[in-house]
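Asks: Got chain A; can you put chains B and C on it based on the hints?
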Amino acid sequence: MSSASTGTGNSSRSSDSTGIGDSPDRVDGVPKVTGAALYVDDLPAPDAWHGATLRSEIPHGRFVALERDPDFDWSDVVVVTASDIGGRNTVALLIEDQPALVPVGGTIMHREEALALVAAPTRARARAALKALRVTTEALPAVTTLDAAFAADVKLHGSDNVLKQLEIHRDDADIEAVLAGCAHVIDSTYETGAQEQMYIEPQGVLAEWRGDTCRVVGSLQCPYYVHKALVILLGLPEDQVVVTQAVTGGGFGGKEEYPSMIAGHAALLAKAAKRPVKLIYDRAEDIAATTKRHPSRVRHRLGLDTNGQLVAADIDVALDGGAYVTLSPVVLSRAILHASGPYRIPHVRIVGRAMATNTPPHGAFRGFGAPQTTFAYERQMQKAARLLGVDAFALRRQNMLRVGDSTATGQVLSESVGSQEVLDRLEDALAQAAPPVPARLGSLRSPVRRGRGLAFYFHGSGFTGSGEERLAGRVSVACLASGDFEVRSSSTDIGQGMLTIFTQIAAQALDVPASRIKLSEPSTERVPDSGPTVASRTCMIVGKLVERACTALAQRLRDFATESSLDASDLSVLAAQHVAQRGELSETCEHESPPGVQWSDETYTGAAYPVFGWAACLVDVAVDEDTHEVTVERCLHAVDVGRAIHRRIVEGQIEGGTLQALGWALLESVPYEDGRVLNPSMTDCIIPTSADAPDMETLLVEVPYAHGPHGAKGVGEIPMDGPAAAVAGALEDALGIAADELPLLPEVLEHLLADAPLDEAPA
Amino acid sequence: MTDWIRPANLAEALSARAAHGDYMLLAGGTDLMVGASERAAPAGVIDLFGLDELCALGRDDDGRLRLGAGLTYERLLADPLVRAELPALHDASREVGALQIQARGTLGGNLGTCSPVGDTLPVLLALDAEIELRGPSGTRRLPVDAFCLGYRETALADDELIVAVRFPADIGRRSQVWRKVGTRRAQSISKVMLAASTARADDGALRNVRVGLGAIAAQPLRARETEAVLEGRVPDDALADIAAQTVQTDIAPIDDVRSRADYRRAITGRLVRRWVLQLADAQR
Amino acid sequence: MKLRFQLNGAPTEVDVDPMRRSLDVLREDLTLTGSKEGCGEGECGACTVLIDGAPVNSCLVPVAQLGGHDVQTIEGLAQLGPDGEQLLDDVQRALVTHGGTQCGICTPGIALCASAALKREPAADRGRLRELLAGNLCRCTGYQLIIDALVTAAAERGRAAHEPSAPGGGADGSSAHDSTVRDPNAPPSGDRA
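Protein chains in written order, with the numbering used here: chain A, 26 to 788; chain B, 50 to 333; chain C, 457 to 649.
Pulled out of the complex, with its shape left as it was, chain A reads as follows (with noise of 0.2 Å):
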């Protein structure tokens, strides 16, 4: 209703339809509304047993010994331990630190970490099971703040904590001496806490073993992590480990590392107990023990000369990893390139610190790291246009990266720039009337105070770097006989439209009616290694390979037609044709990056993506001056996304990652004590309902990037990434206050405001 786009709106009910940049209806779409979509805990297991997880329950110490109760019957219960596993125990990711089970004798590095397993015919046996086991451990100092990891006192990785360190020198000056001659600088330091994914359906894991084949159904975002990560703690050959995708019901992130410990646990079960082994988790534990976005403290320098011209940023970033490297370096990675923000600054310098702490390892969630930075530089850039007096979008103008600049890495912005676009259209939008906000409920009438922020911003879409390349990402097409083409791929749909989406772009390059489209299921036997579904590359990247093999199976089809003299007016003819006369045709692409794309890591100079998606989000707030609580009364987002291949879809993505974001800013809190997260449920880890989300205005921008499907470029991430900082202005508008930290609930407005008073307002 309110959001409003460029270029040709309108939407299609046609199931068929394929025009890209129409909203035609989703193809899980029907299946979901009538609960007929199966989830990994709804698919039928009548002989599956149920398994549990016991954990150590001190943050830091020594697994001394496991005892089975002798008075409890064990007769129906499988127990496993760290001296079942037949590879090697570890949940191999990046590097293989974390154990799928701790040994007996192990050291215990966070509260959460598995020590055992069992399952049992019912939940609640497995549950009984579990309190029969008696753990003896050993308790050492524990490190649970990033503080307590920098000053090493206790040592959990190295010498000094640091898990990954990564620096990033736009140049050779002497940064201090910069920062020394500049007209102002602004130093702040900004902390950002924990965030959990809150996907609506918790993880799990059906797993179960065929002769020598272990076959997992899971609730996952990348089959391939969960294939490469069994491969290793099973010790079995690849083709003796399938790994499929159930319908998942949310991941933003949260799916993309953890399914690799359950399916572990699962499938060690499974094997024990001689039969399927359903591992659920239920939501206190998921809240617990998986991952969740990394809090973060960021020191931002930064020098401007008198005109507002910025002149140099030294930036320190801080990410607390938790217990394991898991994906701590490829966050902090992404934190640290999107530091400096999409500004052109001559003298760059930012250095980024993963640290080691006994808590639960964090990782992947929307924005992988960037939102972190991103706040830290937007809130910077909203104390500049106040310190200068000078308008919020006139100093984004000025300093902003246009086609020609270059990043802090060096990277040559060559094409697809949406910054000007983006600060046009909303600030266009912001003139036009704004939606109707529903009152407060309550017969109490406390006065407001009303306040504004900006947000400017971009992301990266892709791996970082040379990941692509490494990667090698394929996709094939295949002609069946009905006529029909499968896409295999192992790009999963976690609620973000792939499976729409890839079927638009197929059906578009076959020219062919969306029906004719089948989407192989996601499964390690049946589809190549697409590479993983994060890092908002989907559509990008694997929806071009999707496009580039329908493509040249086109090609061979009308080759065929030829040498055949067969009619080439209709591909899904011909694809029967084929198959019947001579056999499957498929066709399978692989990555291929474009041509002049170059990044070192070791100096951590030249193109850190393929492209960059651009936004800016503008945010009313209103203040109840007696509560501090907060209402968002009007948010703009200006998202450039190159192509909409599917109007409604990219909307959603941008909706539902804003108010991701406007939670993280607001309400949403994991606090911690001795490592342990103290409001497991969603009673206390609240996240905001529909009343709390304020209509938005959605603004699509397409400035169209030559290498993405028909234009496109990443969406998923980037509304994540700065409606805080335009919160956190708007709150500073309002208030009068600096508020640094997240999220910024009314108890912390109330401090800020006890150093700060509020002039008295008249009732």
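These are calculated hints, taken from the structure and not from any lab test. In this text, a Cβ means the ideal position worked out from N, Cα and C, and glycines have one as well. Accuracy of the hints is not assured; some may be wrong.
[As the list claims (entries may be wrong)] Stretch by stretch, here's where chain C covers chain A in the computed footprint (C-beta under 8 Å, at least three residues):
(1) 61-69
(2) 419-433
[What the hints assert, rightly or not] Here are some chain C residues pointing at chain A (derived, C-beta under 7 Å):
(3) Lys458
(4) Arg460
(5) Gln462
(6) Ala466
(7) Cys495
(8) Glu499
(9) Gln535
(10) Pro538
(11) Cys559
(12) Thr597
[To be verified] The calculated lysine to any residue pairs, modelled on SDA-like cross-linking and capped at a C-alpha distance of 25 Å, are:
(13) C:Lys575 x A:Val604
(14) C:Lys458 x B:Gln297
(15) C:Lys458 x B:Pro56
(16) A:Lys156 x B:Leu130
(17) C:Lys458 x B:Ala89
(18) A:Lys156 x B:Met50
(19) C:Lys575 x B:Ala89
(20) C:Lys458 x B:Leu130
Replies: Same frame as chain A, now just chains B and C:
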């Protein structure tokens, strides 16, 4: 397996209660069923949900308003009498959970569990409600604060049932107010709840001032000192400040995972102040 | 304990532990897996079913309390047409058309809750719809396209209500027993001073 008793009427319910004082009394289950599968199953349940005699709503012979303990929030919200006479209860019911909880949660259930964050309890305190209990020896009536004894602790005897809640005959003529401050805008656990009512004398002076607060102590409570400083006074800005200061000594908020004591204390003061200012405005 | 109730229009009998959660009996014993468990404590609404037309969290309703009642799950919301084809409820249709479902795990609960809420309050505006849906958490959509879908469904029901011959409109409005129906935007009714 749990013994399940579904009485057909109040008499059956009372005899079941008398016979099985250890059985769980269950209404809509919105509190007692949370985490129930993690706990040992009760020996038995007396299921009171929807029992007709507990769902009546009207005026007693003495003019008092009477709400059956089995009324759900959905029923309360739908009732014109509640909206007209008990607007604070109407407004509070609208903020209990969302539709799903409102369809099952009941007035009696909220009283029986006596949670510090029970949303209706501050309202019942502020509206001078009395709780009607019935047992083998007959009926007794207690003011709410004599019923709510402590953290999830009530005066209900193990052979009694909560039958109804009664309100003063003139309650609809008193000014009523409700404000819930939660962790988010809806479906929220309260950090602070303020419910209050007062009658007004011809000169504008406050009479029968009642201030009910929730989530600021182990149990919902009446801010008696605050009521005392307001009683008989004509509200103005100065009185608002006095009330705001006073209420902060009436309460004993704590730090917990949902909020902080200092915040709860500060906003309780400001909300009380706002109420008194609103009363002063209404008079002008 | 033997229980009888109407389930999606059909008489159903189960013999179960009365304290079991309705959600578990529906999913495990009756294989109706469209009702989902997101939290197990009545916060997320993914397990929403209708009892006598009212949305409830089936994770909080002991199965014994279904006895004698009319229970509807998501599996019963769409109707079967004369040729056995599936006829979506107008809310389901609108959710598909407007992109109001992404990962879909919250969708059955939202479809049921919204369908029931719109029956009671066909005139609900966007703000009121946001309040009515507040018991169903969605993490994907930001709710925008869901609310868009419901606005459309409400408008269509409104039209159907004015055309008495329209089949299956279901918008009789007579069950509008929430007094806020009359004016969902009326200022809260509290201070009457």
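Asks: Each hint: holds or not?
Replies: Verification of the supplied hints:
Counting residues of the region 61-69 of chain A whose beta carbon lies closer than 8 Å to any beta carbon of chain C gives 7, which meets the minimum of three for the stated coverage. Under a criterion of three residues with beta carbons nearer than 8 Å to beta carbons of chain C, the stated coverage of the region 419-433 of chain A fails, only 0 such residues being counted. The criterion of a C-beta within 7 Å of any C-beta in chain A is not met by Lys458 (chain C), whose closest approach is roughly 22 Å, and the hint is violated. Contact between Arg460 (chain C) and chain A, as hinted, is not supported at the beta carbon level, the nearest pair being about 23 Å apart and thus beyond 7 Å.
The interface hint given for Gln462 (chain C) is violated, since its Cβ lies 18 Å from the closest Cβ of chain A, which is over the 7 Å cut-off. With a cut of 7 Å, the hint placing Ala466 (chain C) at the interface with chain A is violated, because the nearest CB-to-CB distance is about 16 Å. For Cys495 (chain C), the interface hint holds, the least distance from its beta-carbon to any beta-carbon of chain A being 4 Å, beneath 7 Å. Because the beta carbon of Glu499 (chain C) sits about 4 Å from the nearest beta carbon in chain A, less than 7 Å, this interface hint is met.
Restraint check, Gln535 (chain C) versus chain A: the minimum CB separation of about 11 Å is more than 7 Å; hint violated. Violation of the interface hint for Pro538 (chain C) is found here, the shortest Cβ-Cβ separation to chain A being roughly 18 Å, above the 7 Å cut-off. Contact between Cys559 (chain C) and chain A, as hinted, is supported at the beta carbon level, the nearest pair being about 3 Å apart and thus within 7 Å. Residue-level restraint check for Thr597 (chain C) holds (minimum Cβ-Cβ distance to chain A is 5 Å; threshold 7 Å).
Our distance criterion of 25 Å between C-alpha atoms is broken by Lys575 (chain C) and Val604 (chain A), whose separation comes to about 52 Å. Our distance criterion of 25 Å between C-alpha atoms is broken by Lys458 (chain C) and Gln297 (chain B), whose separation comes to about 54 Å. With a C-alpha separation of about 16 Å, the suggested pair Lys458 (chain C) and Pro56 (chain B) falls inside the 25 Å cut-off, and the hint holds. Only pairs whose Cα atoms come within 25 Å are accepted, and Lys156 (chain A) paired with Leu130 (chain B) is rejected, the gap being roughly 52 Å.
With a C-alpha separation of about 22 Å, the suggested pair Lys458 (chain C) and Ala89 (chain B) falls inside the 25 Å cut-off, and the hint holds. Distance hint between Lys156 (chain A) and Met50 (chain B) is fulfilled; the C-alpha atoms sit about 21 Å from each other, no more than 25 Å. With a C-alpha separation of about 39 Å, the suggested pairing of Lys575 (chain C) with Ala89 (chain B) is violated against the 25 Å cut-off. Restraint check for Lys458 (chain C) and Leu130 (chain B): the C-alpha separation of about 39 Å exceeds 25 Å, so the hint is violated.
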